[in-house]
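Asker: Work out the full structure, taking the sequences as your base and the hints as a guide.
Residue numbers (full-length UniProt numbering), protein chains in the order written: chain W, 1 to 399; chain H, 1 to 358.
Source of the hints: derived by calculation from the structure; they are not laboratory data. As the structure is a computational prediction, the values presented were derived from the model and not from experiment. Even glycine gets a Cβ: it sits at the ideal position worked out from N, Cα and C. Keep in mind that a hint or two might mislead.
Under the rule of at most 20 Å between Cα atoms (straight-line distance), these lysine to any residue pairs were calculated in the SDA-like manner [said to hold, decoys possible]:
(1) W:K367 / W:H279
(2) H:K20 / W:D95
(3) W:K175 / W:E79
(4) W:K324 / W:A126
(5) W:K111 / W:A125
(6) W:K202 / H:P18
(7) W:K136 / W:F317
(8) W:K324 / H:P59
(9) W:K255 / H:R117
(10) W:K255 / W:N93
(11) W:K175 / W:H279
(12) W:K202 / W:E79
(13) W:K324 / W:M336
(14) W:K202 / H:A303
(15) W:K202 / H:P201
(16) W:K255 / W:D110
(17) W:K255 / H:P13
(18) H:K20 / H:A303
(19) W:K111 / W:R259
(20) H:K20 / W:T198
(21) W:K255 / W:K367
(22) H:K20 / W:E190
(23) H:K20 / W:S101
(24) W:K255 / H:D55
(25) W:K202 / W:D327
(26) W:K362 / W:E286
(27) W:K202 / H:I10
(28) H:K20 / W:G94
(29) H:K20 / W:Q201
(30) W:K202 / H:D55
(31) W:K255 / H:P59
(32) W:K35 / W:S63
(33) W:K35 / W:L301
(34) W:K255 / H:A303
Here's a subset of chain W near chain H, in silico, CB distances under 10 Å, partners left out [unchecked claim]:
(35) P78
(36) D97
(37) Q256
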Amino acid sequence: MMLDRMLNGLPLKAQNQIYSTFDNLNVLASVGNLKVAASMAPSAVRGLVLGKARHGDAVPMVSGHAAHFDLTYQGDFPEMYELYRRAVANQWNGDRDLDWSTSVDPEDPDKPVMPLDYPPFEGLAAKGIRLNQKEKLRFAADMASWTLSQFMHGEQGALYAAAQVTESVQWLDGKLYGATQVMDEGRHLEVFLRYLDTKLQKVYAVNDNLFVILDDLLTDSRWDVKFLGMQIMVEGLALGAFGTMYNFTREPLLKQLLRYVIQDEARHVHYGVLALKAHISQELSEAERREREDWAYEVALLMRNRFLSHELYYEWFEHKLSLKDWDEVVMNAPSMAAFRHLMFLRLIPNLEYIGLMSDRIKAHYDKSGLTSFLGGKNATQLSGEDLIRDIAAYKVEAR
Amino acid sequence: MFALGRPRRILIPRGEGPSKRWGAAQPGQAPRPVRVAGLRRETADTLTLVLEPEDGVVPDFRAGQYFTHCFEIDGQVVRRAYSLCAPEGGGLACTIKLVPGGWVSSHVHEALQVGSRYRLLGPTGDFLLEEGSGPLRFLAGGSGITPVISLVETALARDPRRDIRLVYASRSEADIIFAERLRELAQAHPALRLVHVLSQPAAGWTGERGRLDGARIAALLGTDAAAMFYLCGPAGLMEAAESVLRQAGVPAARVRHERFLAAPRLAERPTEPQEILFKQSGRVVTQRPGESILEAGLREGLALPFSCMVGGCAHCKLQVLEGEVALSEPNCLSPEERAAGFTLACSACATGPLSVAA
Numbered sequence: 001m002m003l004d005r006m007l008n009g010l011p012l013k014a015q016n017q018i019y020s021t022f023d024n025l026n027v028l029a030s031v032g033n034l035k036v037a038a039s040m041a042p043s044a045v046r047g048l049v050l051g052k053a054r055h056g057d058a059v060p061m062v063s064g065h066a067a068h069f070d071l072t073y074q075g076d077f078p079e080m081y082e083l084y085r086r087a088v089a090n091q092w093n094g095d096r097d098l099d100w101s102t103s104v105d106p107e108d109p110d111k112p113v114m115p116l117d118y119p120p121f122e123g124l125a126a127k128g129i130r131l132n133q134k135e136k137l138r139f140a141a142d143m144a145s146w147t148l149s150q151f152m153h154g155e156q157g158a159l160y161a162a163a164q165v166t167e168s169v170q171w172l173d174g175k176l177y178g179a180t181q182v183m184d185e186g187r188h189l190e191v192f193l194r195y196l197d198t199k200l201q202k203v204y205a206v207n208d209n210l211f212v213i214l215d216d217l218l219t220d221s222r223w224d225v226k227f228l229g230m231q232i233m234v235e236g237l238a239l240g241a242f243g244t245m246y247n248f249t250r251e252p253l254l255k256q257l258l259r260y261v262i263q264d265e266a267r268h269v270h271y272g273v274l275a276l277k278a279h280i281s282q283e284l285s286e287a288e289r290r291e292r293e294d295w296a297y298e299v300a301l302l303m304r305n306r307f308l309s310h311e312l313y314y315e316w317f318e319h320k321l322s323l324k325d326w327d328e329v330v331m332n333a334p335s336m337a338a339f340r341h342l343m344f345l346r347l348i349p350n351l352e353y354i355g356l357m358s359d360r361i362k363a364h365y366d367k368s369g370l371t372s373f374l375g376g377k378n379a380t381q382l383s384g385e386d387l388i389r390d391i392a393a394y395k396v397e398a399r
Numbered sequence: 001m002f003a004l005g006r007p008r009r010i011l012i013p014r015g016e017g018p019s020k021r022w023g024a025a026q027p028g029q030a031p032r033p034v035r036v037a038g039l040r041r042e043t044a045d046t047l048t049l050v051l052e053p054e055d056g057v058v059p060d061f062r063a064g065q066y067f068t069h070c071f072e073i074d075g076q077v078v079r080r081a082y083s084l085c086a087p088e089g090g091g092l093a094c095t096i097k098l099v100p101g102g103w104v105s106s107h108v109h110e111a112l113q114v115g116s117r118y119r120l121l122g123p124t125g126d127f128l129l130e131e132g133s134g135p136l137r138f139l140a141g142g143s144g145i146t147p148v149i150s151l152v153e154t155a156l157a158r159d160p161r162r163d164i165r166l167v168y169a170s171r172s173e174a175d176i177i178f179a180e181r182l183r184e185l186a187q188a189h190p191a192l193r194l195v196h197v198l199s200q201p202a203a204g205w206t207g208e209r210g211r212l213d214g215a216r217i218a219a220l221l222g223t224d225a226a227a228m229f230y231l232c233g234p235a236g237l238m239e240a241a242e243s244v245l246r247q248a249g250v251p252a253a254r255v256r257h258e259r260f261l262a263a264p265r266l267a268e269r270p271t272e273p274q275e276i277l278f279k280q281s282g283r284v285v286t287q288r289p290g291e292s293i294l295e296a297g298l299r300e301g302l303a304l305p306f307s308c309m310v311g312g313c314a315h316c317k318l319q320v321l322e323g324e325v326a327l328s329e330p331n332c333l334s335p336e337e338r339a340a341g342f343t344l345a346c347s348a349c350a351t352g353p354l355s356v357a358a
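Answerer: Right under this line is the structure:
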């Protein structure tokens, strides 16, 4: 309320600067656990305050994790080895297996990459912003480019995280599997880049909040936090985001591309769940387990609340609408609800399965309205096909 | 130092346009994932697969065309061409006959279930309906009816009164594929004259019987030089028909045939890498052990034409300028093409240094 009063009457640009500063500070202040906040602070400063992702050609991310070099080649992990075999057998070829000759017009109303029921046009209209049909088609196409650009940036992060995790994981079968995931992530990066480059021909910069999460994971030296962050949290986020896009898009090449990617993601989460269940139950002290539990909760909330496509706001509405109003419109959009549903549908049962859902933290999830997903199927019980089926089923309910 | 005040980067510039490395993709190259949506038994040894593309988009195909089906059997990808049996504009359906001892047809009949997934290449094939409204004459034998029924139904959908004759040879009544569908089609279209000929009929059969030789084919099908003739069936039947039509003065351009090739016996492939010079582009490509000329060229990004990938369509035909190749048999190359030094890039591999006109 105080912030509202402060902003009242100021020019839009000044309103946005103040709102943005408070909002960034609020990211850390919203993290209830001080230890978690402290571990995230350097990344938040780099991403939100220093804006490291907004200029330059690259950002160095230094990690202090150790490579675990196996000397004895003992200790089979049969389930992980089985996943490795499955991953080797199911490698697809992004060049050969997708029909890149498909002609894509992102503004084609018959085969839209992003149909007009995805962007929050109703919410915008309620704030006085009305787009004509042509503008709506162009905005929807930009939203597709923005979303797929963020997928691509996420895949770049996933590629490095998968490589780091492969180094530091202590099971040899995990290293074998990890190598296939590195290949998977490289292929995902390739196909998203190719789609953006050749079909949409518009690539957006990485979103600050996504950058913060990736930076935090890639620079954390604790392998299991890296693992939890990448294999459970970010992969859960990816499933929510990819699944939403898969449901909405009517463009056949993108639909097939996402189908392949989602099927790979199912294996990735399965791997994370296997490794972490063993590690959390056997290796961590109760204090360490609690810390991971808190960390996962805070990251879950950040993921739920922070992907608000500010880049699109600055491109389209900076002079017509306040950033605060934009955030409100996006948070309440039906497509955002679909994204949150699909993300938590998978995330919560996985956290429960690996042992990061004590009664203590359940109370917090309950306050955030997320306990309805408890008891759902975890990654060890789901194939890639199951995921696609559940994603498609949500569409029927939601629309 | 602080981000505030810096101009916000929203887009990543791609000033040069899309990266050149992606190249221009050729249409129809990517295998299309499909799901078996239904299985329909037509006779004791033929099964129709009803297929649904995974992306929900039924590809455009012409009546009489076929897809190359890429099955994964025992960890290997095995390709076979099967004609569509649906009319133009219909869904995807192919009817496959069980070949005794056949590796792939046994897989289709025994292992495929509703929900099974595999990939298709294509469509391809030039066994197509001629534009126009003249008479059409079809001769089918056994599973040769599959592309023929697609052509007949499509022709009748365009013009229900078109003068069409279909002579269909089967072993017994129980072996007639699409028996009910053909009966209904003939009932609904008086202009369609349907003649079944059985080589081993049961005692009560009152229709045509016995083997079809040239004279009987001419009598049943007619030799109207103004008609278009479509032949699909066993090699002996087709040769007899071609010969009698030629003798009766039907121009070769008015006779179309579709040959079903037996499963290719893979030629022994070299175990060492081989260099191939593609003369047209001047590119030298190293063929890896196990690869065909086509696979090696495509891997290196050469824009080589191809379609069925099983030696059945000749889209990938190229001329050998120097060197030797091992070619899998049988395939669709004619004796004349072989004599002129042509080979099929999809079914051949270099056995030593090779130069080709492509």
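Asker: The structure should be examined with respect to each hint, and the outcome stated for every one.
Answerer: Now for the hints, and whether the structure bears them out:
1. Straight-line distance between C-alpha atoms of K367 of chain W and H279 of chain W comes to about 28 Å, which puts the hinted pair past the 20 Å bound.
2. Taking the CA atoms of K20 of chain H and D95 of chain W, the gap is near 14 Å; set against the 20 Å cutoff, the hint holds.
3. For a cut-off of 20 Å, the pair hint linking K175 of chain W to E79 of chain W stands: about 13 Å separates their Cα positions.
4. Taken as a hint, the K324 of chain W and A126 of chain W pair is honoured in the structure, with Cα atoms around 14 Å apart against an allowance of 20 Å.
5. A threshold of 20 Å between alpha carbons decides the hint, and for K111 of chain W with A125 of chain W the separation of about 25 Å lies outside it, so the pair is violated.
6. Distance restraint check for K202 of chain W and P18 of chain H: the Cα-Cα separation of roughly 10 Å lies within the 20 Å cut-off, and the hinted pair is therefore satisfied.
7. A hinted pair counts as satisfied when its Cα atoms are at most 20 Å apart, and K136 of chain W with F317 of chain W qualifies at roughly 13 Å.
8. Taken as a hint, the K324 of chain W and P59 of chain H pair is broken in the structure, with Cα atoms around 46 Å apart against an allowance of 20 Å.
9. Taking the CA atoms of K255 of chain W and R117 of chain H, the gap is near 17 Å; set against the 20 Å cutoff, the hint holds.
10. Restraint check for K255 of chain W and N93 of chain W: the C-alpha separation of about 16 Å stays at or below 20 Å, so the hint holds.
11. For the suggested pair K175 of chain W and H279 of chain W, the alpha carbons sit about 15 Å apart, so the restraint of at most 20 Å is met.
12. Between K202 of chain W and E79 of chain W the alpha-carbon distance is near 41 Å, which puts this suggested pair outside the 20 Å criterion.
13. Only pairs whose Cα atoms come within 20 Å are accepted, and K324 of chain W paired with M336 of chain W is accepted, the gap being roughly 16 Å.
14. This hinted pair does not check out: K202 of chain W and A303 of chain H have alpha carbons roughly 27 Å apart, beyond 20 Å.
15. Between the alpha carbons of K202 of chain W and P201 of chain H the distance comes to roughly 68 Å, so the proposed pair goes past 20 Å and is violated.
16. Only pairs whose Cα atoms come within 20 Å are accepted, and K255 of chain W paired with D110 of chain W is accepted, the gap being roughly 15 Å.
17. A distance of roughly 26 Å separates the Cα atoms of K255 of chain W and P13 of chain H; the hinted pair therefore is violated under the 20 Å criterion.
18. Taking the CA atoms of K20 of chain H and A303 of chain H, the gap is about 14 Å. The hint holds against a cut of 20 Å.
19. Under the criterion of a C-alpha separation no larger than 20 Å, the hint pairing K111 of chain W with R259 of chain W is consistent with the structure, at around 17 Å.
20. Among the hinted pairs, K20 of chain H with T198 of chain W is consistent with the structure: their alpha-carbon atoms are about 10 Å apart, no more than 20 Å.
21. Restraint check: the Cα-Cα separation between K255 of chain W and K367 of chain W comes to about 35 Å, which exceeds 20 Å; the hinted pair is violated.
22. Annotation: proposed proximity of K20 of chain H to E190 of chain W holds, straight-line Cα distance about 14 Å (limit 20 Å).
23. Using a Cα cut-off of 20 Å, the hinted pair K20 of chain H and S101 of chain W holds, with the two alpha carbons roughly 15 Å apart.
24. For the hint linking K255 of chain W to D55 of chain H, the alpha-carbon distance of about 7 Å falls within 20 Å, and the restraint holds.
25. Distance hint between K202 of chain W and D327 of chain W is unfulfilled; the C-alpha atoms sit about 23 Å from each other, more than 20 Å.
26. About 16 Å separates the Cα atoms of K362 of chain W and E286 of chain W, which keeps this hinted pair within 20 Å; it holds.
27. Between K202 of chain W and I10 of chain H, the direct Cα distance comes to roughly 11 Å. Compliance with the 20 Å bound is thereby established for this hinted pair.
28. Restraint check for K20 of chain H and G94 of chain W: satisfied, since their Cα atoms lie roughly 16 Å apart, inside the 20 Å limit.
29. Between K20 of chain H and Q201 of chain W the CA atoms are separated by roughly 13 Å; this keeps the pair inside 20 Å, and the hint holds.
30. For the given pair, K202 of chain W sits about 24 Å from D55 of chain H by alpha-carbon distance, which is inconsistent with the 20 Å threshold.
31. A distance of roughly 15 Å separates the Cα atoms of K255 of chain W and P59 of chain H; the hinted pair therefore holds under the 20 Å criterion.
32. Of the supplied pair hints, the one linking K35 of chain W and S63 of chain W holds, its CA atoms being roughly 19 Å apart against a limit of 20 Å.
33. Between K35 of chain W and L301 of chain W the alpha-carbon distance is near 16 Å, which keeps this suggested pair within the 20 Å criterion.
34. Annotation: proposed proximity of K255 of chain W to A303 of chain H is violated, straight-line Cα distance about 26 Å (limit 20 Å).
35. Residue-level restraint check for P78 of chain W is violated (minimum Cβ-Cβ distance to chain H is 20 Å; threshold 10 Å).
36. Against a cut-off of 10 Å between C-beta atoms, the interface hint on D97 of chain W holds, since the closest Cβ of chain H lies about 6 Å away.
37. Interface hint at Q256 of chain W: satisfied, since its Cβ lies 5 Å from the closest Cβ of chain H, which is below the 10 Å cut-off.
When held up to the earlier numbered hints, the structure conflicts with 1, 5, 8, 12, 14, 15, 17, 21, 25, 30, 34, 35 and fits the remainder.
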